[in-house]
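Protein chains: 2
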Amino acid sequence: MQITISKAEVQFFIWEKANQVWQERWDREEKVDTYIKVKVNMRAQKLLTPTNFFDYRQSCRLFYSDEPVKIIKARGQYLFDENDKRYLDCISNVHHVGHCHPSITKAAAEQMDLLNTNARFLHDNIVMYADRLAATLPEKLCVFYFVNSGSEANDLALRLAQQYTQHQDVIVLDHAYHGHLMSLIDISPYKFRKLAGQKEWVHVAPLPDTYRGIYREDHPNPGQAYADTVKDLIEEVHRKGRKISAFFAESLPSVGGQIILPQGYSTKVAEYVRSAGGVFVADEVQTGFGRVGSHFWAFQLQGEGFCPDIVTMGKPMGNGHPLACVATTVEIAGAFTANGVEYFNTFGGNPVSCAIGLAVLDVIEKEDLRGNATRVGAHLKDLLTKLQTQHQIIGDVRGVGLFVGLELVSDRDQKTPATETAARVVKRLKEEDQICVSTDGPWENVVKFKPPMCFSMEDAELAVRCIDRILTVTFKLEKEDI
Amino acid sequence: MQITISKAEVQFFIWEKANQVWQERWDREEKVDTYIKVKVNMRAQKLLTPTNFFDYRQSCRLFYSDEPVKIIKARGQYLFDENDKRYLDCISNVHHVGHCHPSITKAAAEQMDLLNTNARFLHDNIVMYADRLAATLPEKLCVFYFVNSGSEANDLALRLAQQYTQHQDVIVLDHAYHGHLMSLIDISPYKFRKLAGQKEWVHVAPLPDTYRGIYREDHPNPGQAYADTVKDLIEEVHRKGRKISAFFAESLPSVGGQIILPQGYSTKVAEYVRSAGGVFVADEVQTGFGRVGSHFWAFQLQGEGFCPDIVTMGKPMGNGHPLACVATTVEIAGAFTANGVEYFNTFGGNPVSCAIGLAVLDVIEKEDLRGNATRVGAHLKDLLTKLQTQHQIIGDVRGVGLFVGLELVSDRDQKTPATETAARVVKRLKEEDQICVSTDGPWENVVKFKPPMCFSMEDAELAVRCIDRILTVTFKLEKEDI
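As they're listed, the protein sequences go chains A and S. Numbering-wise (UniProt numbering), the first sequence opens with residue 1 and increments by one. Numbering-wise (UniProt numbering), the second sequence opens with residue 1 and increments by one.
Wrong hints could be hidden among the right ones.
When chains are identical, the list treats them as one kind, so a pair holds in a single copy or across two.
Stated by the list, open to error - Cross-link-like lysine-lysine pairs, in silico, DSS-like; alpha carbons within 25 angstroms at most: (1) K73 / K106; (2) K240 / K199; (3) K85 / K386.
Note that these hints are calculated values from the structure, not bench results.
When you get a sec, could you build the whole thing from the sequences and use the hints?
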């Protein structure tokens, strides 16, 4: 029996060489390229059961794992597969100023050709870059630590908070994800609920989701009400004889389902946390660098009066290059270094990373990408809101700038998550329209948009038109099923 | 009073903007370039005391912090400052195939211009790269996780070990350093002794240093004797009712003082650790990719029969680009993914990182850099060994390939660390000869060589000649002091 196995299986099969017998079969097969379809099926051969094979390949889940795409080039908001088929990319927030932006490539190549040492040597780039970042932040956030990933940034933020406060406990939001490192799994309910469980020093506050959370749009002051849940949690922690080092939250919870924090929330939380001797950490890894349009940082949506004690940044910072950062105050940095133990990061803040970071900031400004995010994001949200009047399944449309969520529910009153429909929308948008979106939220029923910042009005219109068509057909089919 | 402050102070002053008053002064000063010497001295003004200012800037210690160099370009094993003064680089192991190697820059720029997505999309580069790495390793190490730094790799290795064994405890070598993340400070005696202290699940085995450790050259079988210390430690751990997840060690302890593990050590330790249900993790972040010359990995120096369960790699892997990896077995990877929680790393294994990794492997082969490391490393060690006959202060010369240490002692019998002389050698080599070396070891008395792999015979001869001159003068001066 000969069955064709998918490209995904072939890739992970080779990558992990899960079974030597299979490697030998592979070697004997004619290969036209790395992904030629192997003409034998491991399941049919019973050498590997589907279950244990799946175990091996799922440590990193592919997009569209049933029929993955092999993208070989990209430009702006477009991806191209090996047959030159074009896909509209609505999800790559990492490729912030557009895939393969020539200014970024040029800056990287020029600096790579010149010098790429480390932060133990003096270099202009790190100084200029820190200065440029400082100009986007409130004055008191003026100390910068350059690292290689949002995870490294959040790990360092946790160290800084604990060292400064000399307290241990952390409050996080429900469903939060702050990174893949051991310390961060501990503070990520999205992960620890499936793994080692909740540590005694970690406390989970309700997600301030005004659509389906404990306080909703109809509440007179959801910001205050949700902040009070943090206050209550702090009191509970104190009753246990424990002390808060930090409140740790994304400025717009992403994995939690593209949530917009209610007004007043962060200011109040910061007040409560600081009264308890803790600090406020704003995780801007997904949301920073102008994605929200009106402001450079999403935490700034909470008003001029609000300033976190620590801000972490990552994904969009290097447009795909591993570059991340922690910004904090002189007081916190002082407490961190006062013990005399240095922090050194081999690649962090090297001249190439900083050259790329500077080039990203230049492109954001020169191409007015914040302005674009404001205009296109508003248009996208308008179109989706109009769509909501035609499709009962659209429970909520929310977002700011190019950070937008479309929450699907099978019942508007019960807000029953329409998880399967959301998955179908993602799959059909890819197959029928070559549009890449994905889902988030605890029930994976929130279709999310966080495209490269050069996303255009036409792109927004096309995506909404296709969603309209897919929902119309789906609705029609579901009716027929009944 | 007007005193010139050093470039280092200016850089860290701006970078961290330690004091707003000083920022304002800076703004008022005429600037000719980023490092123009500010004509006012903060110490004289008493706005910041030397102590608290030093606190702020020392979170990353500069090389030559008294008079740091501003390097603006580099090529091969040479660095050039802003006055085009050339320095010979004997320490940049990260820039493995030479600074700014044109093949690496070309590979990076070409791939950056084409595509830089992530491991959720199929791409040839990740498959080809994993295949190439697999070819350098024993067959059973065939699963690869790509990450951004040696620290991320070691954190993941710890997770893998704990998940696979379902045990918690870790044995590490004394003075070891495995990275800057919270989880790694816990397993790095070099760091935790100065910080939070030793956790109950971490156990420290003696450093198998046959020069100044508990068993020395004169011992009939130091490999077995040191391995037995690990066996004893395991028994102690078991008596406490605890269980070993991993023995974690650099294949050649670097921060510990350029230590060469005695023959037989790793094989025996692996046997004991596996009997206790644990795994052997070889940290090759400093030592991998052919640095030892005769082998691609330093753990291979322990003989064909020895194979770790997990290997971590980093620094030299991307020649300065943030690229690192964990290699392990199908069994360990299977246990890791069996819980159904995926591991995703935003930048890890992206097409650009993999293109760079592939280019590094190509250059190592094409330029026979392993052969060069063998030849030049042997010559360097020979020359240093000859020097030892002329200078009583040279207590030990050890190394393999281009990983060489020169241990200075003020008394050969007592092996009293000559820490100050070592610092003087580093400083004078830089000032008088423009040669960059640095020190390692618990007493910072081991002058270390781990240069780019293109280091030449002439470079080795120059470095040794200059050390000879400096030691001669120092010795003469010290005699005069007496």
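Violated hints, by number in ascending order, as checked against the structure:
Of the numbered hints given earlier, the structure breaks just one, which is hint 3.
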